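Number of protein chains: 2
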Amino acid sequence: MAKSRPSKRASSKSISRPRAKSRSNAAPAGGKAAVSRNRQPAQLRVALLGFGTVGKSVAKILCQESDSPLLLTHIFNRDVRRKKTASLPKRIRWTERIEDVLASDVDVIVELIGGLDPAGDWVRRALRAGKSVVTANKLLISECGPELVDLARSAGVRLEFGASVAGGIPAIIGIQEGLAGDKLYRIAGILNGTCNYILTRMEAIGSSFQAALKEAQELGFAEADPSADVDGIDARAKLVILAQAGLGLRVRAEQILARPITTIASVDFMYARDLDCTIRQISLAERVVSPETPNRVRLAGAVQPALLPSDSLMAHAQGSQNIVTAFGEYSGRTVFSGYGAGGDPTAVAVVSDLYAIARSTGAPPGALPKPAQVPDEITGDFTVPHYLRFVVKDRPGIVAALATILAKYGISIDALLQKPGFPHSALSFVMTLESCDSAELNRALAEIAQLDFHVEPPLCLPIFSE
Amino acid sequence: MAKSRPSKRASSKSISRPRAKSRSNAAPAGGKAAVSRNRQPAQLRVALLGFGTVGKSVAKILCQESDSPLLLTHIFNRDVRRKKTASLPKRIRWTERIEDVLASDVDVIVELIGGLDPAGDWVRRALRAGKSVVTANKLLISECGPELVDLARSAGVRLEFGASVAGGIPAIIGIQEGLAGDKLYRIAGILNGTCNYILTRMEAIGSSFQAALKEAQELGFAEADPSADVDGIDARAKLVILAQAGLGLRVRAEQILARPITTIASVDFMYARDLDCTIRQISLAERVVSPETPNRVRLAGAVQPALLPSDSLMAHAQGSQNIVTAFGEYSGRTVFSGYGAGGDPTAVAVVSDLYAIARSTGAPPGALPKPAQVPDEITGDFTVPHYLRFVVKDRPGIVAALATILAKYGISIDALLQKPGFPHSALSFVMTLESCDSAELNRALAEIAQLDFHVEPPLCLPIFSE
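Protein sequences, first through last, are from chains S and A. Start counting the first sequence at 1; every next residue gets the next number (this note's numbering). Start counting the second sequence at 1; every next residue gets the next number (this note's numbering).
Okay, chain S solo, but in the shape it has when bound:
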């Protein structure tokens, strides 16, 4: 907002390069003695596994500061000749052999390979070899987080995974440490920037899902195969990590309901607008204890498209932004938002984790704060108002038929919306329902699906307030 541009610390780059060079000149062939002579005592030697978008950003940030406690020494990638860049210090060893890294004297390995295999094996080998690990791998942490944290602890090293959820937003540290003093009971958020980009574009320009997806792919916000994003698989892995970090509940990803956003049509945004709402992919996990069974812990969780009030904070997250909200008994609702993906924001999370390790050398390994509990029950059902959109071949008696079935299940209709201009052969209209249990509603919908006037399967979305 001020007149001049913010500091870019323009001078630091030119200082760091000659220094780095003199280091690599003075340290012949990695000899231990030579290395320790040229190395600040607290400096951590860092290896990067994976030199894609995030890896490049991490390397750039690590090599920019001249007096950093972090020293990038190894980069592992396939086909390093293609990847190698002259913009990084010459001391860095480029390799295609994972053994070169695992057998080296690096202190920390940054795992940016992704996926379970071979990344999981490499992370385990690194931890067993006494190296701390920083990872952005949501799949690995959601599947094996507690096991890997235990492994790190027993090896006396640290495992940090702040970059595995919501990229540059410090949600894990914010929830796990910043709110450690509270008892959190709900985590809700927008955890997938691709879905949020697609849905905000559908909202802004009225485009179809396919057109918005194509635009997202052209701009690099969506992959060629977008299924992990649009089906909710990506967000679900992050929700599993947040449920563990924030709610102390241990679940497997496949136990959590994930519903795709591919069913959302531009007409749904038209009707949502009439309801002063918008539609977003919402990830929600809640620790629930019924007064009747106080010893039984239930996890209510799902990743799904949902209606939200247009003026709600989550509706405010535009484009590829992410938002994480945590609800605590004492602190109420705390919100973290920002850029959840992209090379630079994710790299900030990785480098921040590296700093945390540098600061804490000698301290006990990073840990999930309490041993997580396995919930007695996991459900994707919520008792909330719902939105039902039908596309029907019009004839008299349709609303009566629907209302009769809903009434049978004790479900009350709140409003009926019908825009003009649809053909009788494919008439689109919307019903909103008063708060009801989605399990009960699903039973009603199974019966409704048997009726003969549907042109498309009915769409059912929860309506979340804030």
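Worth flagging that the hints you see were computed from the coordinates, not collected in a lab. Predicted model only: the values in this text are computed from it and were never measured. One should not assume that every hint holds.
[To be verified] Stretches of chain A that chain S covers, calculated by requiring three or more beta carbons in the stretch to come under 8 angstroms of a beta carbon on chain S:
1) 100-106
2) 176-186
3) 333-340
C-beta: ideal position from N, C-alpha, C; glycine also.
With chain S fixed as given, assemble chain A onto it according to the hints.
Same frame as chain S, but now just chain A:
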């Protein structure tokens, strides 16, 4: 959102009480051997200084968990007989003598006294005695933070102050650790819940400043003497702490411009609405380096009422909520928001800091990440659009007179707004100005103030976009 109420861990309270009792029975007169026999090895003994709203919440949270690494052992307050409550474990020693705490075997002192004196002296004595300190004292940390951190470091203990800014929102840890990998250049936020409550009430019901203040006082959101809040002094202390934690810049509070919100009238909200804006007390600090003088660091900072777009994220903070936004070179804008004050949210920040100390026992003391830099220049000027509101005794030629002076200083008028219905003797109208340097504008306003038609001094507010 789910059917049942969130878990209150109803059973934990009944478990913790008998346990605590058996502890106090088994440990006669604080004998070291007896204490260590009955104490978990990693358990930290905690003393509270101050048993007001926040202190009570901290005590409640600390005594609720049965297997906590934190054990509340001492409570210091004036007139403890009046304060003493049977709801806390009997082992707790209540005292009116600070020496009882400083000479005891507590590991951590939680300072909730506030103010510089005697709190500062007690914190120093505690640190020198080898006790870690957790404080919510924004005044002390803004004045003496670096000195106290150094003192803690040299004593081998920790000083944590997460509760000193924005209550329950983990802004300090989020910025200082979660974004450690980035270079932040701007911190902006709503840091005072009292002002935000008053301004959001003025906006919502069109009340005057005095009426909204009175309501806030009746509801306990404002003190009997509200000057520290409404004059910006409270927010300024927090901004100084954030500037140090986030921007690495060391300033004294009195070097930062603070302008009161008392000048805002209900008519300003009417005009702001016509501009699709609202008015909030905004705290802003920015690290600025001009390309011409790359070695010169300027801090542009101020606490003041300002116009914001109604749909901006900061305008979204309602009532007593706080919001902190951090802008980084790599992560873009990251937002933290929630409840910035009140007993329970502030207690969450205090207890989270206690957990951080419990986790890190043996690690180096908590530290501001890099030695902070003293800026070469500190300014309260920003180059942004501005809002000018005049109340005048109407006569022809007023706009011409104003426009002539503004033109002389090279300042362009963007729009002129005048609502109907004001008397000619006190006509209120508004000018918005295109982006200009506020220092230059202040010179023009000094000249404008000399004109003879003013009924009130002109009000000048910056218009911040996001």
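Evaluated hints:
1. 100-106: violated (count 0)
2. 176-186: Holds: 9 residues of the stretch 176-186 of chain A have a Cβ under 8 angstroms from chain S.
3. 333-340: holds (count 7)
Hint 1 from the list above is the single one not met by this structure.
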